[in-house]
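If you read the sequences in order, they're chains A and B.
Its first residue numbered 204, the first sequence is counted upward by one per residue in our numbering.
Its first residue numbered 80, the second sequence is counted upward by one per residue in our numbering.
Simulated from the structure, these hints should not be mistaken for lab results.
All values derive from a computational prediction rather than experimental measurement.
Check the hints yourself; a few may be wrong.
Each computed PhoX-like pair below joins lysine-lysine, with the alpha-carbon atoms no more than 25 Å apart [what the hints assert, rightly or not]:
#, chain 1, residue 1, chain 2, residue 2
1, A, Lys-249, B, Lys-367
2, A, Lys-251, B, Lys-273
3, B, Lys-365, B, Lys-353
4, B, Lys-268, B, Lys-353
5, A, Lys-251, B, Lys-162
Computed far set for chain A versus chain B, every beta-carbon distance over 10 Å [stated by the list, open to error]:
#, residue
6, Glu-258
7, Ile-401
8, Ile-407
9, Glu-506
Glycine is no exception: its CB is placed at the ideal position from the N, C-alpha and C atoms.
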Amino acid sequence: MKELLTGNYAVAEAVRLARVQLVAAYPITPQTPIYEKLSEMEMEGKLKGIMMRMESEHSAMAAVVAASLTGVRTFTATASQGIALMHEMLHFASGNRVPVVMCNVNRVIAIPWAFGSDQSDSLSQRDTGWLQFYCEDAQEACDTVIQAYRIAEQILLPIMVCIDGFFTSHFLEPIEIPDQASIDAFLPPFSLPSRFDIHNPAFIANVINADHYMQYRQRTFEDMEKAKPVIKEVNREYEEIIGRGYNMIEAVNTDDAEIVLVTSGAMTSTARMAIQSLRDKGYKAGLLKMKAFRPFPTEEVQEALKNVPRVAVLDRNISIGKEGIWCQELKAALYPLERRPLITGYIAGICGADVSPDMIEGMVIDSLQRKETGELPVWVRRD
Amino acid sequence: MVIEQTEKEYMRSGHMGCPGCGVASTMRLVLKALGEKTIVVIIPSCAAVISGAYPNSVMDVPSFHSAFEIAAPTAAGIANALKMRGEEDTTVLAFAGDGGTFDIGLQSLSGAADRNDNFIYVCLDNEAYMNTGIQSSSATPENAWTMTTPAGRQGKKKQFMQIIAAHRIPYAATAAMGYPLDLMEKVKKAKDIKGTKFIHTLAPCPTGWRMPEDLTAKSTMLAVETKLFPLYEIIDGTQYRITHEPQGLPVEEYLKIQGRYRQLNEGQIQQMQKEVDESWEKLITKTKGCI
Ligand code: SF4
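Chain A with its partners taken away, still in its complex shape (with noise of 0.2 Å):
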């Protein structure tokens, strides 16, 4: 049965769903809406876990990472400053290899102080050894928290489940809450030990030498590769039993595509109304949704566009001094292709601006005339 919701409110059923022993969590715009409908699950007595209001995002992470080394699930959510503020927590969860599942809700980072949609909060944390998925819609949001249980589980990583802020946090969507026996048959309850055994103590977190550190750092990154075959396992087991599924890049009407366009995020579903319109006026168009960041899925990438002579990305997102991440993403995953697409960064939607499916067919058009792969971004705004 379709229930109509808004993404933060799906996040907050996937918690549920899942089982979630401990969530620790600071309300910060646009994720609030979880933490409320979380504490007010946790007042009806749906969810079973312990809540803990905390005083800032930095000891949110501190308190599941903690949690997590003790052995059980669990559940955070931020945005924007929050996850600023989280930084040297969001390296301590992958470094203590805690499987803490966290919803960014993206939201621009001050200053300017502004409250609009913008990944460059999440984005710029993708050196932190985190798992990173981004979803179209609310829909994808729930479905993805659930999954990303059984992931960081099996790879003993953390992982942030994004949504766009306003966009799918906000928006009321027709949305299909699995059952929670269908959930309880694809996620097992919480079986990974405490890390503190009284009958055998150990150091956690140790003083190490310069050689353990790399040996440690090279292990965490190879157990990042390794999360790819376990993503796509997951995803197909969990299509199997509740029917829908997504995987970490999603390629439409690229075969024969002259022009590729590149989307994360709910943008994509406007992308996929311009892609169609395009096609209808005889341009040949794909497009190429990327929803894993972290591990990134360049084999994917590279099977998807090995044939398809332009790239356009559409980025809500900005590294200053260089171009938009995915566009620069997608730059190094092309480069070991023979043959190169000329690939164009379009910067666009920067803090929620609009973007419509015009303007899109505008960037695919402007990309099909350029001569070279760009070295700076093209900004797209309606001024």
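Start from chain A and add chain B with the ligand according to the hints.
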């Protein structure tokens, strides 16, 4: 006073602190008082150095080296997870220095105390950032020399027990390694109380205090007997009780054994004596129920 020597130790020999370190001795006493079912959180500090580097550790209970500003929420996270696992008979203990408590960790400690999360927090106060080489913290007393206050610190030591009392946690106490039984009794008492417990220990650092290493215990005794660091407990943030009646020695007795007070003049010593007397009077008033 004799400590029962047959009791098992939960801190093994071979710590990596300096000789005569008061932090190490305090940690040993606290762990001894708590016993086997204890999980320890340590944060960057001399306590972390003392605990030992991989693959060695002096800790004989499960321990976790967390980040600097989060001793309290880390302990709180563990305590709540233990509750979910039905293992509430295990005590969670956080060790943090004065920097990690008075300064960078204050906000997160305040949050945990406000939620009254169930753990014991022991502040190992050596009155400066000793692990990084003797820099002033807000626990450094007025006039004390440090590398960042070469002329003596200007500000006054933060009155941390007042901040803690304002949170109205069920149990708070001061303790010092020179009074091991008093310290261990307080720790044991804290163990049996649910909620946030805070113990402020004076943990001398011979290195940073510029003091011979055999004076560690004695220096805490002088701090207590001069009324500079009184031993007391606070129940529910309101009921004060002195646990050791000090002799009332002149403060100078305490100051003169430490090189960090070498530059003090007569006037400054008198001023310090005056402030110690006033603080003591205020404390006595509180023990009478007037806050
Ligand atoms: S610097 Fe001071 S507190 Fe640190 S280990 Fe040495 S004596 Fe102990």
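Original post:
So which of those numbered hints doesn't the model satisfy?
Top reply: 1, 4, 6, 7, 8
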